[in-house]
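Chains as they are written, first to last, in our numbering: chain A, 10 to 434; chain B, 10 to 434.
Don't read these hints as lab results, they were simulated from the structure. Everything numeric in this text was worked out from a predicted model, so none of it was measured. Check before you lean on any hint, since a few could be wrong.
It does not matter which identical chain is used: a pair holds within one copy or between any two.
Unchecked claim - The list that follows gives simulated cross-link-like pairs (lysine to aspartate or glutamate, EDC-like), each with its CA atoms no further than 16 Å apart: (1) K121 to E417; (2) K246 to D429; (3) K118 to D391; (4) K174 to D236; (5) K251 to D365.
Number of protein chains: 2
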Amino acid sequence: MNIKNYMVQLGQNARAAARSIAAASSGQKNQALLAMAEQLDLDRELLKQANQLDMQAGRDKGLDAAMLDRLALGDSGIDSMIEGLRQVAGLADPCGEISDMNFRPSGIKVGKMRVPLGVVGIIYESRPNVTIDAASLCLKSGNATILRGGSEAIHSNQAIAACIKSGLVAAGLPETAVQVVETTDRQAVAELITMPAYVDVIVPRGGKSLIERVSRDAKVAVIKHLDGICHVYIDDKADLDKAFDIALNAKTHRYGVCNAMETLLVQQDIAAEILPRLAAAYWDKQVELRVCSQTMAILAPLAGSPSLLLAASDSDWDEEYLAPILAIKLVQDLNQAMDHIAQHSSGHTETIVSQDYSRVQTFLAQVDSASVMANASTRFADGFEYGLGAEIGISTDKIHARGPVGLEGLTSQKWIVFGDGHIRA
Amino acid sequence: MNIKNYMVQLGQNARAAARSIAAASSGQKNQALLAMAEQLDLDRELLKQANQLDMQAGRDKGLDAAMLDRLALGDSGIDSMIEGLRQVAGLADPCGEISDMNFRPSGIKVGKMRVPLGVVGIIYESRPNVTIDAASLCLKSGNATILRGGSEAIHSNQAIAACIKSGLVAAGLPETAVQVVETTDRQAVAELITMPAYVDVIVPRGGKSLIERVSRDAKVAVIKHLDGICHVYIDDKADLDKAFDIALNAKTHRYGVCNAMETLLVQQDIAAEILPRLAAAYWDKQVELRVCSQTMAILAPLAGSPSLLLAASDSDWDEEYLAPILAIKLVQDLNQAMDHIAQHSSGHTETIVSQDYSRVQTFLAQVDSASVMANASTRFADGFEYGLGAEIGISTDKIHARGPVGLEGLTSQKWIVFGDGHIRA
Numbered sequence: 010m011n012i013k014n015y016m017v018q019l020g021q022n023a024r025a026a027a028r029s030i031a032a033a034s035s036g037q038k039n040q041a042l043l044a045m046a047e048q049l050d051l052d053r054e055l056l057k058q059a060n061q062l063d064m065q066a067g068r069d070k071g072l073d074a075a076m077l078d079r080l081a082l083g084d085s086g087i088d089s090m091i092e093g094l095r096q097v098a099g100l101a102d103p104c105g106e107i108s109d110m111n112f113r114p115s116g117i118k119v120g121k122m123r124v125p126l127g128v129v130g131i132i133y134e135s136r137p138n139v140t141i142d143a144a145s146l147c148l149k150s151g152n153a154t155i156l157r158g159g160s161e162a163i164h165s166n167q168a169i170a171a172c173i174k175s176g177l178v179a180a181g182l183p184e185t186a187v188q189v190v191e192t193t194d195r196q197a198v199a200e201l202i203t204m205p206a207y208v209d210v211i212v213p214r215g216g217k218s219l220i221e222r223v224s225r226d227a228k229v230a231v232i233k234h235l236d237g238i239c240h241v242y243i244d245d246k247a248d249l250d251k252a253f254d255i256a257l258n259a260k261t262h263r264y265g266v267c268n269a270m271e272t273l274l275v276q277q278d279i280a281a282e283i284l285p286r287l288a289a290a291y292w293d294k295q296v297e298l299r300v301c302s303q304t305m306a307i308l309a310p311l312a313g314s315p316s317l318l319l320a321a322s323d324s325d326w327d328e329e330y331l332a333p334i335l336a337i338k339l340v341q342d343l344n345q346a347m348d349h350i351a352q353h354s355s356g357h358t359e360t361i362v363s364q365d366y367s368r369v370q371t372f373l374a375q376v377d378s379a380s381v382m383a384n385a386s387t388r389f390a391d392g393f394e395y396g397l398g399a400e401i402g403i404s405t406d407k408i409h410a411r412g413p414v415g416l417e418g419l420t421s422q423k424w425i426v427f428g429d430g431h432i433r434a
Numbered sequence: 010m011n012i013k014n015y016m017v018q019l020g021q022n023a024r025a026a027a028r029s030i031a032a033a034s035s036g037q038k039n040q041a042l043l044a045m046a047e048q049l050d051l052d053r054e055l056l057k058q059a060n061q062l063d064m065q066a067g068r069d070k071g072l073d074a075a076m077l078d079r080l081a082l083g084d085s086g087i088d089s090m091i092e093g094l095r096q097v098a099g100l101a102d103p104c105g106e107i108s109d110m111n112f113r114p115s116g117i118k119v120g121k122m123r124v125p126l127g128v129v130g131i132i133y134e135s136r137p138n139v140t141i142d143a144a145s146l147c148l149k150s151g152n153a154t155i156l157r158g159g160s161e162a163i164h165s166n167q168a169i170a171a172c173i174k175s176g177l178v179a180a181g182l183p184e185t186a187v188q189v190v191e192t193t194d195r196q197a198v199a200e201l202i203t204m205p206a207y208v209d210v211i212v213p214r215g216g217k218s219l220i221e222r223v224s225r226d227a228k229v230a231v232i233k234h235l236d237g238i239c240h241v242y243i244d245d246k247a248d249l250d251k252a253f254d255i256a257l258n259a260k261t262h263r264y265g266v267c268n269a270m271e272t273l274l275v276q277q278d279i280a281a282e283i284l285p286r287l288a289a290a291y292w293d294k295q296v297e298l299r300v301c302s303q304t305m306a307i308l309a310p311l312a313g314s315p316s317l318l319l320a321a322s323d324s325d326w327d328e329e330y331l332a333p334i335l336a337i338k339l340v341q342d343l344n345q346a347m348d349h350i351a352q353h354s355s356g357h358t359e360t361i362v363s364q365d366y367s368r369v370q371t372f373l374a375q376v377d378s379a380s381v382m383a384n385a386s387t388r389f390a391d392g393f394e395y396g397l398g399a400e401i402g403i404s405t406d407k408i409h410a411r412g413p414v415g416l417e418g419l420t421s422q423k424w425i426v427f428g429d430g431h432i433r434a
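Sequences are here, hints too, so could you generate the full structure?
Okay, here's the thing in structure tokens:
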């Protein structure tokens with residue numbers, strides 16, 4: 010198989026299908042989504058058999074337990090995909106929305122219309138359910154999609170792809186509106202991210218190395234996030250009970266997620282009051298604290314288990330632990346906290362805990378991250394919590410889509426003009 | 010001079026200044042803009058002397074008349090820059106705008122806040138007034154800027170840069186908020202477009218080869234347009250008087266502009282009625298017509314001057330003439346017109362002329378260009394005509410900014426969250 014020719018063919022198919030999908034009605038798109046859900050339900054046994062092939066190959070290849078877990082697709086996984094499709098069918102169609110329509114002095118009426126991006130390429134790793142998640146969001150937003158899943162999930166993904174095709178056909182839409190790459194050759198990714206004639210945007214979903222590679226080599230726009238080094242700043246004007254709840258929740262609600270707090274900044278005057286209480290709660294959950302020298306002076310006398318209290322090194326302020334580990338640093342004031350965030354944040358999510366009106370306003374206005382919060386846990390930075398209905402990813406870029414990316418992030422706005430024979434004078 | 014080190018230094022300066030500019034009040038930014046205007050007025054003689062150095066060097070280098078004309082800066086050019094600065098000072102500040110603020114079931118309130126992109130790099134050619142245009146729009150939208158003008162305008166640009174610095178300092182803003190690259194070494198461009206750590210977006214302004222080169226090599230987002238291959242489609246349900254006015258205006262109002270029509274599509278049943286009238290008007294203005302065979306059959310008997318009527322070759326449908334030349338093709342219906350546009354348009358601006366409600370709706374919804382119009386001249390695709398107040402460029406990309414890019418296109422939206430001790434359950 011000539012991979013380049015194959016990918017160009019997929020690209021041409023997608024570009025042609027994109028026009029049909031962009032012109033499809035909301036009803037037709039929803040019909041396709043619901044038909045996919047039905048087909049998944051009918052094909053349960055086929056899907057599980059295909060997944061068993063992947064699982065066996067994975068075990069033979071020596072994949073670790075976590076990877077095998079992500080790869081597994083059973084009835085509950087199939088139920089989730091079906092439920093996801095129905096939810097996306099229930100979301101409002103972002104396309105066709107007209108906004109900012111105004112008469113201009115020339116007499117023309119100018120506004121904006123929301124339209125699909127065109128062709129979206131998705132590159133992801135082992136979870137087969139991403140195939141349905143990504144396909145459904147792209148379809149609902151009127152885009153054609155080329156999906157490139159992990160090689161270890163190839164059989165599962167092909168079985169899911171068959172259900173997707175069947176749903177598209179049932180709704181009278183071109184089956185090439187969603188194409189799942191059928192080769193595991195890595196060159197397919199290299200081609201996919203360097204075909205600006207056929208692909209408008211790439212969404213890589215997976216580990217940091219995948220995302221870095223895709224971003225470095227792509228010749229089309231990439232919606233991505235690399236790191237979630239999120240901060241909570243507890244101000245001296247904070248309500249310390251709220252601060253306790255938020256700092257505990259932001260770190261310990263879930264450890265392996267991008268919107269978990271990785272560094273806690275505490276105004277120095279209240280540190281002796283809040284930190285012992287927080288440290289006890291963290292240690293209770295076996296969270297390791299890596300702390301600045303001032304924090305060490307406060308916590309060292311209290312540390313029951315010295316293995317959970319360490320002096321922070323410089324690199325700790327730039328690390329995304331994704332684990333029960335937290336860096337803690339004292340700061341003199343809001344400005345020093347914002348300086349630290351400007352220097353070390355990955356631009357994902359930061360929170361101030363403070364009852365002071367002006368400081369909250371300053372923090373919200375000046376901190377340059379995708380989500381900036383006051384008196385709420387960083388864990389809220391999420392498409393569902395924000396009301397997007399679903400999310401294709403979280404972007405730490407500033408261009409195009411920022412933060413949780415839902416259907417709207419897969420669209421763009423064109424200008425529309427109504428005249429009645431108007432010409433430029 | 011080590012160009013790489015020099016550019017990194019500019020980048021670091023800009024990144025640091027971006028935080029100050031983002032935090033500056035609207036009043037402070039306006040003060041800086043007005044102080045720049047005053048300084049330009051005071052420095053008229055210096056500016057004209059600097060420009061004379063460039064003009065002399067240009068003549069010595071053998072620049073053609075058109076390039077020398079673009080390079081020239083006299084009192085009227087200085088007046089325009091001053092007026093431009095005052096206009097930008099008068100525009101609404103896009104930053105800080107909060108939208109879509111809603112309570113979520115969790116109790117948090119979530120919305121979006123408009124914020125600067127950060128650091129904008131502008132690469133342009135001979136016109137020195139772009140230095141002021143670009144600097145003022147970037148400053149007003151809260152961004153730091155690195156400007157790289159054409160080497161032939163280096164003295165003019167440095168003199169303008171001195172006025173910009175003086176304005177920034179007068180308003181208490183860092184003078185590194187706007188930096189004009191002081192070397193004419195081409196490596197400076199190569200460095201500027203590959204410093205994602207220091208530059209958030211690049212706006213190239215100039216000829217197609219510059220823009221292609223920048224787009225190909227850039228490692229940061231680029232807001233650009235390459236071509237304006239704009240179409241007017243005259244439907245058989247058109248008001249032919251409106252169609253005549255629009256088709257004439259779209260081609261002949263100005264020839265060298267990106268929003269001029271380059272191809273006219275005419276529904277075949279009305280061609281014999283509208284085309285002779287239009288052709289006479291075009292020929293009257295010495296516009297050369299390059300036409301399909303059906304059009305040729307209609308126009309050949311009428312052509313007084315055969316040199317202004319030619320058979321179109323395949324390449325004519327993909328050419329941006331920027332000249333008194335127009336391609337004309339007959340089509341069977343709206344669908345064939347939209348097919349032609351999908352295949353040959355550069356995605357800039359297209360117009361349908363029709364009184365038919367459904368066809369207008371279809372054209373507006375389905376044509377995938379930055380501006381899609383009904384019954385109006387393509388010449389309206391312009392930041393001023395759309396009410397943006399000013400434009401930094403016109404984008405034919407779909408990601409981030411599309412069509413005329415004003416202050417808003419130089420900003421992004423972050424999410425803001427108000428809680429009151431809220432945590433994820």
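Evaluated hints:
1. K121 to E417: So K121 and E417 pass the 16 Å test inside a copy (14 Å) and across (13 Å) alike.
2. K246 to D429: between (60 Å within a copy, 14 Å between copies)
3. K118 to D391: between (37 Å within a copy, 13 Å between copies)
4. K174 to D236: For K174 and D236, neither the intra-copy (34 Å) nor the inter-copy (36 Å) Cα distance is at most 16 Å.
5. K251 to D365: within (14 Å within a copy, 61 Å between copies)
This entry does not satisfy hint 4, going by the numbered hints stated previously; all others are met.
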